[in-house]
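**Student:** Read off the chains here:
Number of protein chains: 2
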Amino acid sequence: MSFSEYPSKLLENAVNEFASLPGIGRKTAFRLVMNLLKRDSEEVKRFGESIIRLHREIHYCKLCHNISDSEICSICSDEKRDRSLVCVVENIQDVMAIENTRQYRGVYHVLGGVISPVDGIGPGDLKIDTLEEKVKNGGIGEIILALSTTMEGDTTNFYLFRRLNKHNVFLSTLARGVAIGDELEYTDEITLGRAINNRNPYHQ
Amino acid sequence: MSFSEYPSKLLENAVNEFASLPGIGRKTAFRLVMNLLKRDSEEVKRFGESIIRLHREIHYCKLCHNISDSEICSICSDEKRDRSLVCVVENIQDVMAIENTRQYRGVYHVLGGVISPVDGIGPGDLKIDTLEEKVKNGGIGEIILALSTTMEGDTTNFYLFRRLNKHNVFLSTLARGVAIGDELEYTDEITLGRAINNRNPYHQ
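For the protein sequence lines, the chains are A and B, in the order given. Be aware that the first sequence starts at 15, since it is given in my numbering, and climbs by one per residue. Be aware that the second sequence starts at 15, since it is given in my numbering, and climbs by one per residue.
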């Protein structure tokens with residue numbers, strides 16, 4: 015069933031806006047709007063304003079480019095964090111994923127993407143200059159390149175390696191291998207091959 | 015991956031609002047909010063305002079209770095529509111579905127739900143009084159009961175039949191039978207049984 019005609023222009027506008035979101039089709043958008051219509055006026059106002067406020071009031075941390083409610087994000091302003099250790103990630107989702115592990119006590123640097131000629135994203139579109147600046151200013155002992163293991167991620171890793179390696183900083187990447195809980199039978203050949211080559215001493 | 019901590023309260027608020035929508039989990043909500051964050055300020059403002067405006071400015075048609083931009087909806091105010099023929103439906107989605115067939119030239123009456131004791135919805139919660147009023151006022155020749163073939167729909171059909179049958183109006187329901195394109199093998203017994211009992215003369 016397609017909705018070729020809406021009984022209201024206001025309804026159609028709202029459905030169009032929701033349908034512009036990724037993964038939301040017109041039918042789902044309509045269902046979401048109908049749900050909002052049934053709610054209290056106050057609740058709907060709060061919904062709409064949460065989006066507008068987010069966009070108007072959000073900050074990007076001056077140091078790491080992570081999303082923040084203030085000029086310096088909560089991670090960069092945390093005294094207990096090791097500022098000599100910088101983890102370079104693609105986006106803020108990756109920051110949140112690493113933070114959720116509760117294993118990392120350094121700080122981050124959010125590139126805002128990866129080099130992808132197909133999408134027209136070159137090194138100039140990413141926060142690489144500010145990263146190099148940080149390294150030049152000193153005080154950084156190690157940089158962890160924590161980008162995706164995609165072609166674009168690897169390209170960006172390589173580019174960053176070339177640009178940062180000339181400065182006095184230790185560069186590392188995340189360990190690659192078989193994911194915990196994965197069966198070898200269903201692990202792809204490249205991952206399994208690398209896991210064999212980069213095997214670790216056994217410890218209990 | 016669960017997001018136990020958000021780097022920004024504003025972000026968290028927006029994610030919470032989206033996650034309150036039916037069928038939208040926290041991960042999807044986050045993805046949608048990140049998509050909005052990447053957009054122009056103007057675009058995001060338009061998105062938020064489309065929701066607020068919808069709720070504030072929408073009307074429900076005084077005659078049929080359909081959603082509308084004005085006091086009388088575009089269907090009820092259409093001179094070409096047959097006002098002596100009223101199709102009773104559960105909600106505005108059903109109006110749109112029937113409108114999309116382009117087969118119907120009468121008007122509608124939107125009940126706003128069906129009788130469902132489990133959900134605490136009784137006849138008093140639906141727009142049944144205004145329907146009876148319309149019938150009493152005269153000028154209506156036929157009422158089509160076009161409710162779902164669920165238990166609640168059938169209950170409501172029966173209740174409406176009892177209430178409206180005493181007035182001078184012809185009551186009908188939608189034809190039930192095997193859906194076009196369906197294979198008999200996979201049609202449920204009740205539908206198939208009714209389709210046999212209510213068989214029509216063959217015409218080419």
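Honestly, the hints are just simulated from the structure, not real lab data. Check before you lean on any hint, since a few could be wrong.
Pairs involving identical chains hold if they fit within one copy or between any two copies, as the list cannot separate such chains.
In silico DMTMM-like links for lysine to aspartate or glutamate, alpha-carbon gap of 20 Å or less [to be verified]:
id : residue 1 : residue 2
1  : Lys52     : Glu85
2  : Lys23     : Asp108
3  : Lys180    : Asp143
4  : Lys23     : Asp83
5  : Lys150    : Glu166
6  : Lys41     : Asp108
7  : Lys23     : Asp139
8  : Lys180    : Asp108
9  : Lys76     : Asp108
10 : Lys76     : Asp92
11 : Lys180    : Glu146
12 : Lys52     : Glu71
13 : Lys180    : Glu93
14 : Lys59     : Glu26
15 : Lys23     : Asp196
16 : Lys23     : Asp96
17 : Lys59     : Glu71
18 : Lys52     : Glu63
19 : Lys150    : Glu19
20 : Lys141    : Glu85
21 : Lys41     : Asp96
**Student:** Evaluate Lys180 and Asp143 at a C-alpha cut-off of 20 Å and name the case that applies: within, between, both or neither.
**Tutor:** within (14 Å within a copy, 81 Å between copies)
**Student:** From the Cα coordinates, with 20 Å as the cut-off, is the pair Lys141 and Glu85 best called within, between, both, or neither?
**Tutor:** Within. Shortest intra-copy distance 17 Å satisfies the 20 Å Cα cut-off; inter-copy 54 Å does not.
**Student:** From the Cα coordinates, with 20 Å as the cut-off, is the pair Lys41 and Asp108 best called within, between, both, or neither?
**Tutor:** So Lys41 and Asp108 pass the 20 Å test across copies only (13 Å; inside, 31 Å).
**Student:** Have a look at Lys23 and Asp96 and pick one of within, between, both or neither, based on CA distance no larger than 20 Å.
**Tutor:** Intra 54 Å, inter 24 Å, cutoff 20 Å: neither.
**Student:** When no copy is named, should Lys52 and Glu71 be tagged within, between, both, or neither for a Cα gap of at most 20 Å?
**Tutor:** Between. Shortest inter-copy distance 14 Å satisfies the 20 Å Cα cut-off; intra-copy 29 Å does not.
**Student:** At most 20 Å between C-alpha atoms: does Lys180 with Glu146 qualify within a copy, between copies, both, or neither?
**Tutor:** Classified as within: same-chain Cα gap 10 Å, cross-chain 84 Å, threshold 20 Å.
**Student:** How do Lys41 and Asp96 come out at 20 Å by Cα distance, when the copy is not named: within, between, both, or neither?
**Tutor:** neither (48 Å within a copy, 29 Å between copies)
**Student:** Indicate which option fits the pair Lys59, Glu26 if close means a Cα-Cα distance not exceeding 20 Å: within, between, both or neither.
**Tutor:** both (18 Å within a copy, 17 Å between copies)
**Student:** Regarding Lys23 and Asp108, is the shortest C-alpha distance of 20 Å or less found within a copy, between copies, in both, or in neither?
**Tutor:** between (39 Å within a copy, 18 Å between copies)
**Student:** My question is about Lys76 and Asp108: at a cut-off of 20 Å on alpha-carbon distance, are they close within one copy, between copies, both, or neither?
**Tutor:** within (18 Å within a copy, 52 Å between copies)
**Student:** Can you tell me if Lys52 and Glu63 fall within 20 Å by alpha carbon in one copy, between copies, both or neither?
**Tutor:** both (18 Å within a copy, 17 Å between copies)
**Student:** Go through the copies and call it for Lys59 and Glu71: within, between, both or neither, with a Cα cutoff of 20 Å.
**Tutor:** For Lys59 and Glu71, the Cα distance is within 20 Å both inside one copy (17 Å) and across copies (13 Å).
In terms of the numbered hints stated before, the structure departs from hints 5, 7, 8, 13, 15, 16, 19 and 21, listed from lowest to highest.
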